[in-house]
Amino acid sequence: MSSSYLDIDSDIVALASARGHGAIALVRIAGPSSIRRLSAIFSKPKSLLKLNGYQAVHGEVLGQDKSPADEVVALVFKAPNSYTGQDGADIMCHGGSATIEAVLSALDFGGFRPALPGEFTFRAFYNGKMDLARAEAVNELIVARTSAARADAYARLSGALSKELSVLKEGLVDTAATLALGMDYGEEEAGEDMKAELELLEKTRSACLKLASSYKVGKAFKDGVMVALAGKTNAGKSSIFNRLLKEERAIVSPVAGTTRDYIEAALDLGGIPVSIVDTAGVRESEDQVEAEGVRRSWLLADSADIVLYVVDAGLGLDAGDKEFLAAHPDAIKVWNKVDKEGARKAPGSWLEFSAKQGYGEETLVNAIQSAALGGGQAALLSGREVRIGSARHKAALEKAAASLESAIALLNSGGPLDMAAVDLAAALDALAEISGEVSSEDILDRLFSSFCVGK
Amino acid sequence: MDYDVIVIGGGHAGIEASLASARLGASTLLITQNPDTIGKLSCNPSIGGLSKANLAREIDALGGEMALITDQTSIQYRLLNRSRGPAVQAARVQSDKSAYSILARKALEAQPGLHIFMDTVDGLLCSQTVPPRVLGVSTVRGNKISAKKVIIASGTFMDGRIFIGEYHAWEGRLGEPTALGLGSWLRKAGFPVGRMKTGTPARIKASSVDLDSLEKQAGDPDRMPFSFLNEELPGPDIPCHITFTNERTHEIIRANIGRSPLFSGEITGKGPRYCPSIEDKVVKFPHRDKHQIFVEPEGQYTDELYLNGMSSSLPEEVQREFVKTLPGFEEAFMVRPGYAVEYDYVDPIDLHPSLESRRMTSLYLAGQTNGSSGYEEAAAQGLMAGINAVLSMRGEEPIILSRSEAYIGVLIDDLVTLGAKEPYRMFTSRAERRLSLRHDTADRRLSPYAIKIGLASPERAERFAKKTEGMSVIRELLEQRKITDADSKENACFAPHIGESLAFALKDPKIAGLNLLELEPALSQWPLSLVEGLVLDIRYEGYIAKEARLSARLEKLDGAKLAQDFDYRQVAGLSSESIEKLLAVQPLSLGQASRIPGVRPSDIALLAIRLNKKHDS
Ligand SMILES: Cc1cc2nc3c(=O)[nH]c(=O)nc-3n(C[C@H](O)[C@H](O)[C@H](O)COP(=O)(O)OP(=O)(O)OC[C@H]3O[C@@H](n4cnc5c(N)ncnc54)[C@H](O)[C@@H]3O)c2cc1C
Ligand SMILES: Nc1nc2c(ncn2[C@@H]2O[C@H](COP(=O)(O)OP(=O)(O)OP(=O)(O)O)[C@@H](O)[C@H]2O)c(=O)[nH]1
Ligand SMILES: [Mg+2]
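Residue numbers (the working numbering), protein chains in the order written: chain A, 1 to 455; chain B, 1 to 617.
There could be a bad hint or two in this list.
Calculated lysine-lysine pairs in the DSS-like style (CA-CA distance at most 25 Å, straight line) [claimed, not checked]:
hint, chain 1, residue 1, chain 2, residue 2
1, B, 216, B, 284
2, B, 581, A, 78
3, B, 546, A, 399
4, A, 203, B, 270
5, B, 489, B, 507
6, B, 467, B, 421
7, A, 232, A, 163
8, B, 421, B, 284
9, B, 270, B, 546
10, A, 210, A, 195
11, A, 78, A, 203
12, B, 581, B, 556
13, B, 581, A, 129
14, B, 556, A, 399
15, A, 232, A, 129
16, B, 290, A, 195
17, B, 546, A, 394
18, A, 163, A, 210
19, B, 556, B, 546
20, A, 195, A, 399
21, B, 489, B, 510
22, A, 203, A, 232
23, B, 507, A, 399
24, B, 546, B, 452
Simulated DEER-style distance windows between Cβ atoms [to be verified]:
hint, chain 1, residue 1, chain 2, residue 2, range
25, B, 469, A, 391, 47 to 53 Å
26, B, 580, A, 99, 45 to 51 Å
27, A, 413, B, 501, 23 to 29 Å
28, B, 115, A, 198, 56 to 62 Å
29, B, 525, A, 409, 51 to 57 Å
30, A, 52, B, 580, 24 to 30 Å
31, A, 409, B, 264, 49 to 55 Å
32, B, 264, A, 213, 35 to 41 Å
33, A, 413, B, 289, 53 to 59 Å
34, B, 396, A, 213, 41 to 47 Å
35, A, 391, B, 421, 39 to 45 Å
In case anyone wonders, no lab produced these hints; they're calculated from the structure. Even glycine gets a Cβ: it sits at the ideal position worked out from N, Cα and C.
Please model the complete structure; the sequences and the hints are all you need to start from.
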């Protein structure tokens with residue numbers, strides 16, 4: 001981490017509202033001397049300095065030449081009752097780039113440093129206002145592209161992930177306490193049987209893995225997925241593209257090889273930000289330009305999260321199709337033009353579709369969603385499941401699961417407790433990395449509150 | 001100046017403190033209330049046990065006495081946690097109580113430069129400086145004795161008061177007068193003096209108990225000495241026995257619970273959670289229909305038995321009655337009742353990690369006075385206080401063992417960082433790096449310190465050098481010995497290891513279990529314990545690395561030193577709660593700071609930045 005994030009004593013400023021031409025813009029400041037600094041460039045410094053937290057004052061921010069930069073309302077926050085845990089203020093000024101620039105440069109002159117991305121939230125984390133998992137969710141919330149993505153991040157912000165993790169950790173702390181009991185009291189007094197512990201470890205391990213795999217979902221919401229349309233020329237790829245977009249974006253024609261280069265468009269598919277790519281159809285081609293287009297299509301199909309492979313139902317499958325599918329076994333297979341006279345019946349795993357009539361559209365959308373969310377996880381969309389939203393979480397959870405696996409193997413084979421305890425500690429440490437800390441005092445406390453021991 | 005060092009109290013802490021001090025060349029006076037009670041095992045007749053044996057062996061590795069006396073007075077030996085891994089297993093011996101006390105006294109009396117003096121200290125002499133410096137002690141008989149350093153090791157005797165039901169008396173152990181005066185003196189001088197309590201069970205006449213009807217627990221046949229100086233553990237193997245309480249026992253206890261000084265509110269001091277009285281257990285675990293009681297011999301020269309797990313402060317007649325409900329104890333005769341003792345302790349949060357007081361220079365505190373409990377815990381502190389008092393006299397840096405280096409490091413760091421709100425006892429699980437703190441590696445970890453400061457006897461230094469050499473020769477032998485086809489024909493479990501060194505193949509538990517002497521006869525020139533130690537080293541290498549990775553963060557923080565006069569109030573951004581805690585503890589390192597309860601992780605991060613900035617500029 002850059003050291004300037006840790007430079008938490010500096011006073012920082014940032015435009016909190018979106019850039020553009022809104023009626024009101026919000027400029028946010030924070031830092032231990034932020035109020036004093038603001039007062040030095042404020043038309044009514046005394047009234048400003050008198051304010052308690054959550055009180056506002058009306059006045060002018062003064063520029064370098066002491067002339068008013070803008071007329072503003074400043075809402076003051078006092079540590080620790082603020083978002084960052086520090087003193088700070090939200091300054092409401094007039095919208096419009098010129099005004100905003102004037103206010104920002106006045107604050108710059110007043111000694112405020114432009115905030116780094118997420119720096120306010122970092123300070124909130126730093127000051128114990130939120131744990132890391134929640135701090136991360138704030139950031140996701142800000143960058144969320146669809147409303148479902150926002151809901152997903154919000155669930156994490158409200159602590160759903162932290163709660164789920166603390167349940168898992170609690171179970172592990174209990175088990176660690178049992179192991180500690182074994183290590184602290186010996187065979188004479190603490191039982192040998194580890195059946196219940198093993199069960200819990202196994203349960204926790206699969207919960208970790210499940211959470212880790214939910215990254216696919218979290219990532220789908222956060223980063224979106226890329227869907228590529230592939231298939232031979234004239235299969236109807238551009239028609240399907242247009243149908244999903246609900247507008248005539250790509251050129252459709254009965255001439256094979258209409259699409260020469262790929263086209264990309266953004267789409268909200270049931271809350272998942274999808275970027276859909278129409279590609280040049282595949283055929284043997286002499287045309288240099290088109291051959292390059294085809295080459296790119298293949299590349300795109302390979303890098304896409306999801307491939308829709310389209311076949312003309314009137315023509316059926318040929319060797320080329322089979323070759324492609326062998327290389328892309330996860331492709332969603334679309335049997336297009338089922339409305340056409342003489343259309344053949346779709347083989348089992350193919351999805352019957354008509355770009356012309358819109359037949360099969362819902363099924364296709366569902367198939368794309370389900371693929372985006374890791375297959376068969378439509379239930380996750382219900383919103384009640386907890387999901388992780390970062391690769392960091394995923395790595396930590398996988399590390400925890402691996403440690404648990406090794407502990408389980410040791411305990412199952414009657415291996416020594418002292419080694420298993422290290423694995424357990426590693427698992428706890430990995431989970432604690434996501435949000436907080438577990439110390440050995442916790443384990444001892446647990447040990448004494450739930451066991452009866454003599455000696 | 002009359003003496004270099006005065007040690008107050010001839011308990012387990014005082015014994016190690018005064019021996020270490022005198023052995024390091026300081027003229028030393030041990031003042032104790034009664035030389036006849038030196039080294040008394042106040043409670044259970046045993047030394048060692050899980051994590052406590054590690055302490056005892058660490059004390060030995062540093063040149064202390066406890067393990068040597070233990071080896072000579074053992075009347076039963078058992079290795080605990082055999083099945084749970086070498087890092088958490090430990091030996092316990094039943095020790096002959098009276099022999100222990102006699103040998104402890106003999107060791108003190110034989111030590112040149114050490115005098116034992118019978119008196120009771122009731123105050124300290126100190127300078128008027130800020131902070132004051134201790135100059136000596138005053139006693140109840142009006143003696144004033146000066147010294148450069150004073151070590152308080154008063155155990156359960158400072159304003160000690162015992163309770164048996166409604167009966168109470170100013171005593172530190174049943175029948176032994178309390179030491180009045182010193183506690184009030186310390187209180188007046190502003191030391192954070194508090195009250196703690198502990199208890200002990202009744203002692204029963206062995207010949208009045210039908211021991212034959214009880215489950216017998218014999219010692220292990222293969223016995224290992226505690227001291228690295230001994231090859232063998234001598235002594236008899238006297239069995240312990242096991243019995244259980246039952247509903248009738250519990251009924252009697254429940255019916256009289258109001259008469260316990262604990263429940264009636266007579267005792268205010270905090271007792272140990274891990275060593276609860278039988279009445280505590282009955283109240284806290286009402287669903288348990290029985291509790292296990294170990295019946296242990298008190299020694300070879302006495303007919304008294306110790307009832308481990310039966311500690312009580314209920315009235316005598318109640319104890320007499322419930323003891324008789326134990327199977328085999330129908331006719332039992334109670335020689336001494338169980339009792340609770342409440343005493344003054346000084347919160348160790350007030351100490352430097354060297355065990356020197358932060359309030360008064362040149363004053364050290366050790367043992368139960370610091371809120372710990374247990375012989376080994378006391379002895380470990382006494383030893384470190386003795387060592388550090390003399391090192392300070394020499395103008396040298398104190399020895400502060402880290403948590404990854406010794407259980408003693410864990411013990412002292414916990415005490416001075418967390419303070420003691422209830423009696424502190426060592427547990428294996430308190431140590432983060434327990435795989436590295438195996439009892440058999442105590443000498444490898446710590447003897448170099450003893451040799452460096454001159455506390456190791458020539459014999460110890462020589463044995464240690466020989467062992468170090470042996471370990472490296474053995475490792476080489478194991479590395480040079482390659483697994484061959486012939487080996488795998490002999491034993492199929494070698495098949496996957498052909499071509500590997502034996503050292504490498506030992507990571508396979510199947511191989512580690514084989515008789516290595518047959519595989520590599522050259523190994524037999526070395527004691528088996530060395531070979532076994534190395535096999536463990538090799539087997540645990542992977543996990544030790546895992547453990548090290550886990551505590552790397554901790555050690556990095558431990559490596560970041562904080563100045564003793566650091567003014568935390570100057571650090572903008574620190575929470576006021578943290579500032580208060582940090583000022584109270586004055587941690588030596590960021591690591592220690594991070595373990596102070598109530599200091600927030602974010603504040604540690606903040607301090608880390610301060611330190612980094614300082615390094616930059
Ligand atoms: C009733 C009872 C129950 C216990 N139960 C347990 C238990 O269950 N588990 C456990 O691990 N430990 C138990 N212990 C504790 C164990 O005995 C101690 O931890 C250990 O003995 C402490 O050693 P020490 O050196 O600190 O003090 P002690 O062994 O108490 O020795 C202190 C010595 O200092 C002398 N002294 C004190 N003050 C003065 C003075 N002012 N002037 C001169 N001499 C002084 C005393 O006479 C005594 O000889 C118990 C102790 C008692 C008394
Ligand atoms: N009857 C019928 N015709 C369709 C359907 N989908 C596409 N077509 C027709 O098929 C022809 C090719 O359609 P496109 O969408 O341009 O095909 P493409 O796969 O994009 O072709 P290239 O860009 O050349 O690779 C057009 O004439 C479409 O009108 C369908 O579902 N039913
Ligand atoms: Mg097209």
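Taking the hints in turn, this is what the structure says about them:
Our distance criterion of 25 Å between C-alpha atoms is broken by residue 216/B and residue 284/B, whose separation comes to about 29 Å. With a C-alpha separation of about 24 Å, the suggested pairing of residue 581/B with residue 78/A holds against the 25 Å cut-off. Restraint check for residue 546/B and residue 399/A: the C-alpha separation of about 13 Å stays at or below 25 Å, so the hint holds. For the proposed pair residue 203/A and residue 270/B, the alpha carbon gap of about 39 Å is over 25 Å, so the pair is violated.
Restraint check for residue 489/B and residue 507/B: the C-alpha separation of about 20 Å stays at or below 25 Å, so the hint holds. A threshold of 25 Å between alpha carbons decides the hint, and for residue 467/B with residue 421/B the separation of about 42 Å lies outside it, so the pair is violated. Under the criterion of a C-alpha separation no larger than 25 Å, the hint pairing residue 232/A with residue 163/A is inconsistent with the structure, at around 50 Å. A threshold of 25 Å between alpha carbons decides the hint, and for residue 421/B with residue 284/B the separation of about 20 Å falls inside it, so the pair holds.
Between the alpha carbons of residue 270/B and residue 546/B the distance comes to roughly 38 Å, so the proposed pair goes past 25 Å and is violated. Under the criterion of a C-alpha separation no larger than 25 Å, the hint pairing residue 210/A with residue 195/A is consistent with the structure, at around 23 Å. Using a Cα cut-off of 25 Å, the hinted pair residue 78/A and residue 203/A is violated, with the two alpha carbons roughly 45 Å apart. A hinted pair counts as satisfied when its Cα atoms are at most 25 Å apart, and residue 581/B with residue 556/B qualifies at roughly 21 Å.
Proximity of residue 581/B to residue 129/A is assessed by CA-CA distance (about 20 Å); at most 25 Å being required, the pair is judged to hold. Straight-line distance between C-alpha atoms of residue 556/B and residue 399/A comes to about 22 Å, which keeps the hinted pair within the 25 Å bound. This hinted pair does not check out: residue 232/A and residue 129/A have alpha carbons roughly 56 Å apart, beyond 25 Å. At most 25 Å may separate the alpha-carbon atoms for a hinted pair to count; residue 290/B and residue 195/A meet this at roughly 23 Å.
Distance hint between residue 546/B and residue 394/A is fulfilled; the C-alpha atoms sit about 20 Å from each other, no more than 25 Å. Taking the CA atoms of residue 163/A and residue 210/A, the gap is near 15 Å; set against the 25 Å cutoff, the hint holds. Using a Cα cut-off of 25 Å, the hinted pair residue 556/B and residue 546/B holds, with the two alpha carbons roughly 16 Å apart. For the hint linking residue 195/A to residue 399/A, the alpha-carbon distance of about 23 Å falls within 25 Å, and the restraint holds.
Distance restraint check for residue 489/B and residue 510/B: the Cα-Cα separation of roughly 16 Å lies within the 25 Å cut-off, and the hinted pair is therefore satisfied. With a C-alpha separation of about 47 Å, the suggested pair residue 203/A and residue 232/A falls outside the 25 Å cut-off, and the hint is violated. Pair hint residue 507/B plus residue 399/A holds up; C-alpha atoms about 23 Å apart against a cutoff of 25 Å. The straight-line distance between the Cα atoms of residue 546/B and residue 452/B is roughly 31 Å, outside the 25 Å bound, and the hint therefore fails.
The supplied range of 47 to 53 Å is met by residue 469/B and residue 391/A, whose beta-carbon atoms lie about 51 Å from each other. The beta-carbon spacing between residue 580/B and residue 99/A, approximately 46 Å, falls within the hinted interval of 45 to 51 Å. Under the hint 23 to 29 Å, the C-beta atoms of residue 413/A and residue 501/B, about 25 Å apart, fit the expected range. Judged by the Cβ atoms, the range 56 to 62 Å given for residue 115/B and residue 198/A holds: they are separated by roughly 60 Å.
For the hinted restraint 51 to 57 Å between residue 525/B and residue 409/A, the CB-CB distance of approximately 37 Å leaves it violated. At about 25 Å, the beta-carbon gap between residue 52/A and residue 580/B stays in the expected band of 24 to 30 Å. Taking the beta carbon of each, residue 409/A and residue 264/B are about 53 Å apart, inside 49 to 55 Å as hinted. In this structure the hint that residue 264/B and residue 213/A lie 35 to 41 Å apart at CB is violated, the actual value being about 59 Å.
Distance hint for residue 413/A and residue 289/B: a CB-CB separation of about 34 Å, inconsistent with the stated range 53 to 59 Å. Between residue 396/B and residue 213/A the Cβ separation comes to about 58 Å, which falls outside the hinted range of 41 to 47 Å. The given range of 39 to 45 Å is respected by residue 391/A and residue 421/B, whose C-beta atoms sit roughly 43 Å from each other.
Hints 1, 4, 6, 7, 9, 11, 15, 22, 24, 29, 32, 33, 34 from the list above are not met by this structure, while the remaining hints are.
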